[in-house]
Each structure stands twice: as structure tokens, then as C-alpha cells.
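S.K.: Here the protein sequences line up with chains A and B, keeping their order.
Residue numbering for the first sequence is 2 to 685, as defined by the working numbering.
Residue numbering for the second sequence is 2 to 632, as defined by the working numbering.
For the record, the hints were derived by calculation from the structure and aren't laboratory data.
Don't take every hint at face value.
Facing chain B, from chain A, some residues (calculated, C-beta under 8 Å) [claimed, not checked]:
#	residue
1	Y91
2	I97
3	S100
4	F101
5	W109
6	M166
7	P190
8	Q202
9	T581
All C-beta atoms in this analysis are idealised placements derived from N, C-alpha and C, irrespective of residue type, glycine included.
For reference, the chains in residue letters:
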Amino acid sequence: MRYRLGVDVGGTFTDLLLFDNETGGFWRHKTPSTPHDSSEGILTGVAEITGTAGIDASEIGYFLHGTTVATNAVLEGKGARVGLITTEGYRHILQIARSFVPGGLAAWIIWPKPQPLAALEDTLEVGGRMDADGKEVRALDEDGVRAAIAALKVKGVEALTVSLMNAYVNGEHEKRIGAIAEELMPDIPVSLSHEVLPEMQEYERTLSTVANAAVRPVVGKYVSKLRTGLADAGMQGNLSLLRSDGGLMSAEKAEEHPVNILMSGPAGGVTGALWVAKNAGFDNILTLDVGGTSTDVALIENLEPRRERTTEVGHLSVRASALDVKTVGAGGGSIAYVPELTGALRVGPQSAGAVPGPVAYGKGGEEPTVTDANVVLGYLPEDLLGGSFKLDRAGAEKSVQKIADALGIGLMEAARGIIDIVNENMFGALRMISVQQGYDPRHFALMGFGGAGPLHVNAVARLMDSWPAISPVSPGVLCALGDATTRMRTETARSFSRLASDTKVEELIAVLDEMSAQTRSELLGDGVPEGEITSQFEVDIRYAGQAFEVPLTIDPETLRSGGIEAILQRFDEEHNRLFTFNMDTPHEIVNLRAVALGEAPQLPAAELEKGDGNPAHAKIRDHTLWMDGKEQQGAIYDRAKLKQGDTIPGPAIITEMDSTTLVETGCVATIDAVGNILINPESK
Amino acid sequence: MPAQLIQENTTPFDTVEIDPVTLDIIENALRNARIEMDATLVRTAMSPGIREQGDAFPLIADPAGKMIVGQFGSFIDGFLQTFDGTIEDGDMIFLSDPYSCGGAISHSNDWLVMLPVFHEGRLIAYTAMFGHMSDIGGKVVGSMPIKAHSIFEEGVRIPPVKIWKKGEYNEDLMKLVMHQTRKADWCQADLNALIASCRVASKRIVEMADRFGPDVYYSATQALLDRNYRAMKSLLAMAIAEEPVSFEDYICDDGMGYGPYKIKCTMWREGDRVILDFAGTDPQSAASINFFLNENMFKMFFGIYMIMVFDPQILFNDGFYDLIDVRIPSGSLLKPEFPAALSGRTHALGRIFDILGGLLGQKTPEFLNAAGFSSSPHLFYSGNDNREGKSGEWFQLFQIGFGGIPGRPLGDGPDGHSLWPGFTNVPNEFLERYFPMRIERYETEPDSGGAGLHRGGNGIRMTYRFLADGRIAIHDDRWFVPPWGVNGGLPGKRAKKILERADGTTEIVGNKVEDVEVRDGDQLHFITWGGGGWGDPFERDPALVALEIEQGLLTAEGAREYGVVMLDNGTVDEAATTALRSDMKAQRGEPKLFDYGPGIEALREACEEETGLPAPIQPEWHSEPIAEAAE
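All chains, full assembly: derive it from the sequences and hints.
M.R.: Right, dumping it as C-alpha cells:
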């Protein structure tokens, strides 16, 4: 089965990317999403793309899928009705949360009161207590447990979660409650906090367990429907879903632990960028995924994307690994306005969304957006190549003129102002994940994708001084590409909370080995052959007393040979890089994780035909645009016709089916061996 | 004598024309720099007070000391007027004495570092940050003695000194300071964190000056100040009347048996200027509840409340200061005379926000929030860990508690949350692992939120079981004078502390106590106040009232305040509810704009019975107001 199919379901389009393992060639396809049941759109897309490629669905070995079905269940409150059993005295754990009110001073006045993910009326407490060392202080009140479960059954909960104090050290009481639940309501799925997340911090553990239980039925239903549909279409290959941390997991595992796919969507772009980076020969990449309402940014160092230990969904912060993707409310649909009081130019976070959309789309939008500014400046030509509709330039000009009038400047200056401000917002997000984490952006290339990424990537690269600015092949379907090209991954985590000086390396290795065996057996269970599995350890370290741990990845061999000292030394280096100082305080080993990885597929990109460097054959026409404070003459090129080695001086526009790349004045674009556009300053 | 500025390059900045887009970009970059300061601090600090609860505040100022970003306003201008020394490249100022900076920090626990930022030999900015240190020595653990009579009893007091002098670290100074505290490790880490934050911001400013050119950067900061001035000017003209309005509220007691202390503020507008006058505020206390309120800080609080409503994207800065005149009588609770004790200032600091809310909302009741921004309750617990298997290690805990957020025009106040920006609670599993204690109960206190169409948030009942012998101290307020309700909403319930000994006996303890001995197995029920209610409680949907009973947020007894009668099966008795509501409405008459509860005298009379504590004694001030005496 020589093909891999990546499928990414977005709000508007379902993107498909069919990859030929043997030639490295691929087909891409877009079909409208079907939000009421996204498997419909997927199946339509599968039929269409296999038709185009002239292959049979049975030749697809792997169906790899990024989905927002779990995300939406949480955001829209469409998860299952979850009952929660807590330790006596902790019934309001989700109501109090971390007591945190976002925003600055006085922001409490305008902060809406959130509703807990498991309703308070479905949260009951039971007697019994473990202490911080895992010793039983009070025996479990089994009569109370039975009464609570009976009460929840009457209320009609669809899933049960149990989260008790200190269960991360000793889960015996949770296990017993699970057994009683099994007996009293065998049809209701039960999640125990010490199994879902055996880590300290009762609120985060409870929330993660509840979130997992809430989305489980939704994900289960979705997966089984998709599986049936694909089987009916003749597909016999493996079905895997993309995890928030950029790895793949089998659909079966995803059904059990959907908390791991909450940020599956944004992870696809980053894994896609990773594949492009490998093929283009760049190890360090900043990603800029510009959509309609927001922009996602991430950092890849040495071909490894940064991960973090929490997944943020709406106002909830769930403890599950995710790629460290930061989002800002700045996208093509972001609305520009000038508040009367200050006379300042603001762009976003309000967005025109898909409906009514930018004025230029002619769907009833009236407020000036970033896309409209791009149209006014000539960066988005009104007759897009392959586009079925013409952009309404006059409408866009009229709306941007409102901004110009309010600021007392010219139309073009106002339009460029909107672009400069939205670029600055993206720049701010990129700084958070680079400079603020101690990385020097000058050592990174910047890759722009998503609908509007290639339009902004050149300008943002200039702000960051991150070169080249890369417009990857197929920037519009990069997520699907990422789904298709990443590898299997699973992990397990545990609190350790001990001073390094009190820990023997043998103990640490013993625990990690046990965790590693667990993750390996999970991958084996998913059909990954033993020989293809590699293991990694991750250890979170901090100076005893700090709140912030530095996660360090180590391979088992280094740990065995270098001992704990070697990890501590790396921690000190990392701490110094992040915060510019070290301390004499003892080190604490906070959490341990074992990661098991499947083999990364060797999927080289197909090489592009070599050209003579002259892009004339791909030129569509001359074009006037406004840049650097004046009108300038540039040209528009057809990306599909460009050849390896072609060199295009800015200002220029390169168009393709679903995306437009802007090359600014003073910069030069070259086409690399596999078709990526690399933009550099003329002087470089 | 004012500070002497030494620069290699004394050319003044050129004021250049800034286009609006560049201005917004610089504003944005400054906002990001400030976010970076916060992030750096929280990640590297070590005391739970800063690392978990975020008790620290950053600012970036222009060369004249005017705050461009931050939320507490700038003290730098005032500081420069009195600092008797030089400001040079490579210097970093360190201080903690509130009397040395006009109250920019308001007790000695707050350590402040200030870094002058130079670009090509010219002073271009200041960055500063202060944070609360868990212990700075002195007579009690945590260094906030309730029974202090002067600031000399409140731990080490640092006048403005240089930690770095022209790039050279003053190690002896730091040794001396760290020698005073019980928790030198925390203080050192937290101080490092403050310094790292200021350095990060200073780096960003230099980058901005390089990127845009120093003249453009400087001119942009001036334009931002000016923009704020213009915005606030029209806002004030629109929202503040010329006719004076007054509001007063109380601090319940001083921890020495006296109280309540009144804080009063009157506001009016004269042309473009708004006057906020604290005349009528009680004189300073002989104990430590005095709050040295910096005028600029209060201007900033006032401005933030105003801006929040209109263009929340405005970056708060000092630009509007000239439009506001804050008058605080010398020798009053809010401007005590040196060397008055200051460590317990948290209660008055909190109360200032209730007063602001009450003042600004009087003319526009639909925007009015109830009271509840009362204080941030503290618990201290310390000792030597004498549990089995432990070797008597010293431990000390300083924890900030949370309460009910007031009922608001927007809806119910959240239960058990924080009104201070960025504060979070400490996970109880963390407490149980690192301290000899078990948290037996951590729930919201039913019925504590004031009844209203929009209910005030409930306070928290936190039950600590101490597992090692030690001593505790409690700092809380709102136990005597309740948080008021508005627009018909009722006041929230008051705070309470109950000590339940291992032998089963219980005692009510005061809300400002220290050096209370506790033994293994004793439990402390630490109950905080609820937020006041908003709007007529008889308008609240009885079904919602019933649901909140099921949720444990309310009791059947508490439902009566809404005029809701419950049946034994947990459903609403519709007929009885209609009847009771109509009776109660008739009895009440028109809903009150403010409901303060029964009034001070009635509260005093019922105090012992209702709170289990003796009523505070009305303080008397025999001397003439100190302000005059001091002239």
C-alpha cells in the first residue's frame, strides 16, 4: 500500500494531501467542509482525490487525520454530561478553579463567570483520604460511594470521573470507586485521575480527567462513523489521528484519551512545516500560520518543535502535552478601526470571519479588514489565478478610506498602516516564543503558510531579521501535509518531586524504564513493530522552590553514562540561557516522562525541474503596487510554472490556487530544489 | 537635593513628528516588553507569594520618570526630587522604605529595584519592578507585625541605595540585607527575578531605540503620554460632574481592639480637572493598618477604572496626571507620619477600590458594582517540623486567600476568585507535600455572597489541619463591616476564623491575630467574606435559586433572602414563594441604591452575638491633627 493520505478539516475547507511513498510526489485537494458531520466532507474528498490520482482507496496504507472535533466539543460545550466524584471537602474544585481572573486591574468587572466542565450538581464528594505520601489517613467510605454513584445514575450522567486528593501518589481509593461504579452502572465509562494524569495539582488533574471524559463519546462517535465510511469506500489501511504534540496516535487510543487531540488542528501546520524544513535543508524554523481570524506561531529548533505541558482550549488549561503554539487575534479578516477617544489605529482582535468576511469578498462585509488593505495596496491582485471570483477593489478602497479619514492620512498610507500593525501583532507573538524563551530569531528561518501567511511572511521576516522567509510548497494544505508525514508518538508522565541530591541515578532509571516499557507496549498494541520504536526520557527540573520547570529531553544511554550530574548541568545552561542567571539552590526533579516514537517515514519531496534562473516563462503580467511609501512597478508570476533556481526580484507577486506570496522591494525570491520560495534581502 | 544625572551624551532628544502607525507600533512593543517582565518574574521567583500568586508589579517610564507602561503609576519623578545621589549608566537602585519614595511602595516587605536605561550615553528610560518578600526579618515571621507601633519593628528597611554602581555589584550591601531575613534563599531568588525582569525590559527599550532611532522612540513615548491626556480629558468631562459626590467605607479594626476606621473620599470636577479629596478620613492608627497612599498611584487606579469602560486597549500611562488632583490629609490613615507602622496596609489598599467603585457609580447606577474588593487575607504558619521522621526543619508559609467577587451589571460574581490581577491560588497538594498540613476542606461558603438579581460571589472556607506544632498569624478584614450591596442587592456575609483544637473544643479567633500557638491535629477554618449582591434579589429566578441549593452554593435557609421557599423534596414552593416575596417587598419598600447593612452602631451592638468577637472600640484621637502639629 504505497500511499499515505493526510486529511485536515478546517472551518471552511477540508484539505487532502495524497502522498506517494515511492516517488515523493503528491496530489492536493480542497473540498468544502461539512460542519454538521465532517466525515461527509472527508469521504467526498477521498473519492475526489483518489479519482484525480487514478488510484484505488485500497492502495492507501495510512489515513492520517488532524481534527478539531474534540476542540469544538469543549469550546461549544457539546461534550458528554460528566459526573465527578471528589474527596470530601472538595466539591467546588472546578468552581473555584485556580481563583485566577484574567486581564489587568479591574478586569474582573468585565470577566464573564465560567461554568465548570462537570456541572456542580453532578459533582459529589465521598469520605476517605490519602496524605501527600500516599498513606491512607481515613478509609474510603464505601457506603457513601455507593450512594453518590446511585445519585449520579439517577441524574443521568453519561460518563463518570473520579479525582481524589493525592491520588497521583496513591490511586487505590480511585480504583475502588471505579470498581464499584463498574458494578453499579456498567454501561457508563469511568475515568480515574491517577490514570489519566498521575501528576500533582488537584485542579489541573481533575480538569484534565473531566475534559477527557467529556469529549470521549463525541470523539468515539466521530471515529467509528469515519471508520465505517472509509471501510465502505474500500480503504483498509490504518486510521491515525494527530495529537496536540504533533505525533500520531491510533484512532482507538484517541477514543480512549481524546484529551491528547484537543489541539490536533494547529499541530498539523507545525508538523507540515517540519517536513518542508527537512526537505529545504533548514533546521531552525519559526512558523507563521495566518488564517482568517487568527495567527498561530511556533518554534522548531534542530528539527524538533517546542512542546509544552499544557493544552489551552478556550479558557481551560488542560494538562496534556501540546506543541507550544501561540495564537494572536490577527488574521486576514481582522477588522481595523479608530476609536474616537484616542484616535489610535487598532487592528483586531474583532474579525469579520468567514461571514460577512472582508469587503473585497463582496459577501456583505462593510468593515475594513487586513485582506482589504492587501487588496488596496495591490498585494492581492483582484483577479486571482484560478480564482472563480474577482475581488471588489473599489469596495475595499471605500472601507479603508474610512480609516484614512479618521487618521487624516492618505488611502495608501492607511492601508499600509493596517498591514504594518497586523504584522507587528504577529511579530509580538513570534517574540513570545523566541526572544522571550531565550532564542535568537536571527538563527531561524520564518515559514509563512495558511491562507495569508505567504502574504505577510516577507515583512515579518524583516521585523524579526529571520531569513529566509519561506513560502512552502502548498502553503494552503500544509496541515494535511503534516498529518501525512509525521510519526507515531505516545507518552506517559509522573510526578517525582524530589531533590536531585536525594536521588540515585539507578532509582531514576528504574522508574523511567518502567514508564518506557508502558509506552512501548502501547505502540506495540497499535501495531508498530518492536524494531521501529525508539524511546526518549524527559525530565522536568527546577531550582527547588521555583514554579517553572525546565523540561529536558535525554536519551536513556546518556542518563546511564552521565548520571544525574549531566542533566543538572544541562539545566543550568538552559536556565542561564532563559533567565541570565544561575543559583546555588539545590535542584529538584519535578516530573518524569517517557516518550515512545514510531519510525519517522522517509518521505523526500519530489525534485522540481531545473530552470535557467530566469522566471520570464512563468510571468503572467506587469503589476502596479504600493510599497515603501510609493507606487512601484512589479510583476505577477504563476507559481505552478516556476522552475528550480528561478530568481525573482521584489516587488513581485507569486500566485497559485489557494495562496499568494508577496516579495517585497529590496528582496529576492529564489525557487529551491523542491519548489519552496525562499526570500532573502538583496544584500544577503 | 534632587538626584544628579550623569550622562556621557547630554544632547536632548529631538522631538520629531510621529506618524500614527509608528506610534501604535511602539505602543504595542512597550506592551509586549511589560508582558515579558511579568513572565520572567513568575518563572524565576521562588517564594509562593510571587511565583504562585504573582504579587509583583512592573513599570517602564520615560527619562523624566513618567510611567509609559504599568499599572501602579510612577513614583520615579518624586523619587528623583529627593534622592541625594547620582544616576549613572550601570547603576541599579534598590529600596524598600515607603517613606523614602512617597509611598510608591507601601510597606517594607515590597522590595523595589529601578534601572536607569541608557542609550548611546543618554538616559532614555527607567524600568522598575517591586515584589512582596515573604520575610524581611523583624519581630514576627513574615515581617508584618499587627501589633507594631512603628516601622522600626517591621523588619529591614532599605533606603534608596545602589545594588550596582556603575556596573559594579555591591556584594557587602546585599550580604547585610540578606542577613536580616529568615528566608534569605527566597529573598535572593525573588530579588534576582525582579532584577532579571528589569534587565529584560531595558534590553527591549534599547532595541526599540535602535530600531526606530532614539528621537523617534522618545517622541513616541511623549506622544503616548499626550494621547492619554487628551483621551482622559474628554472622558472626565463626560463622566464626572462638577457637583461633589462622597463615599465612605471602613476598615473593621486595627488588631488592637479599636475600630472601625473610616476612609472617605469626595470627588468633583473643576473645569478640566477632577479633585479627589480624602478629607474626613480618620487619623492614622497607632497600629500597623496605615496605608501610605501615593497620590500618583491613586490617580492611576482612578484612571484604570475609567479607561476599562471606554477603550480597554489604551495603554495606561501617566499622561493624564495633570488632570487629577488627589488631596490626602497628612497624619491620616492614608498619609501617616513617619515612623508610623505600615505593614498591615493591605486592608486599606483593598478598600480603596470599593470606594472608587462607589464614587464612580453613584451617577450611573447601571454601571455600579457591589463591594467585595476588600483586602487580600493572609495566613502565616511557621515552626519546626516535629513530625515523626522529620528533623525539625524550619518551615514558614505565607498564603494569600481569596473571596467573593461582587455582583456586577454583567452577572453573578465568581465564587472564591481573586480581584487582584494575576493572582492564583496555591494547589493544596503542593501545600500538603511541602508543609506539615492537610487541607481538609476547600469549598465556597454557601450563602456568603450577597443576595441579588446577580448574586455576589461566595467566599471560601478553607480548613487547615496542622500536622506540626507551630504558630499562626491571620490578617483579614470585612469581619465587622459587611461588603455592601447595590441597586437592591444585599450585603455579603462577613469573614470568620474558627480554631478547632485536636481535643474537639473550638474558639473563634480574631481576623487580625498573631503568635497563636497551634499543635499537631488542630484545625483552622479560614472563612473569607462574600461579595455584595447586585440588583433586586426578589427578581432572581427561583429555579436558579433552587439549582444553587443543589450545587451547594446556597442553603434552603439562605434562599429566604431571595424570598424563595423550598419544599422538602428540593423543589420550589411556588405559592409560598410568591406570597413571601410580596410580603418582603412590601416590608422593604423601594430597593436601596447602597445597602450597607444595619449601620455601625447596630453592628457594634450585635457584634458579640453574631461574630463571636467583642465589638471594636471606637478609636479616639486626643492630639490635634498631626498635620498641623508637624508644620
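S.K.: Which constraints among the numbered hints does this structure fail? Numbers only, ascending.
M.R.: 7
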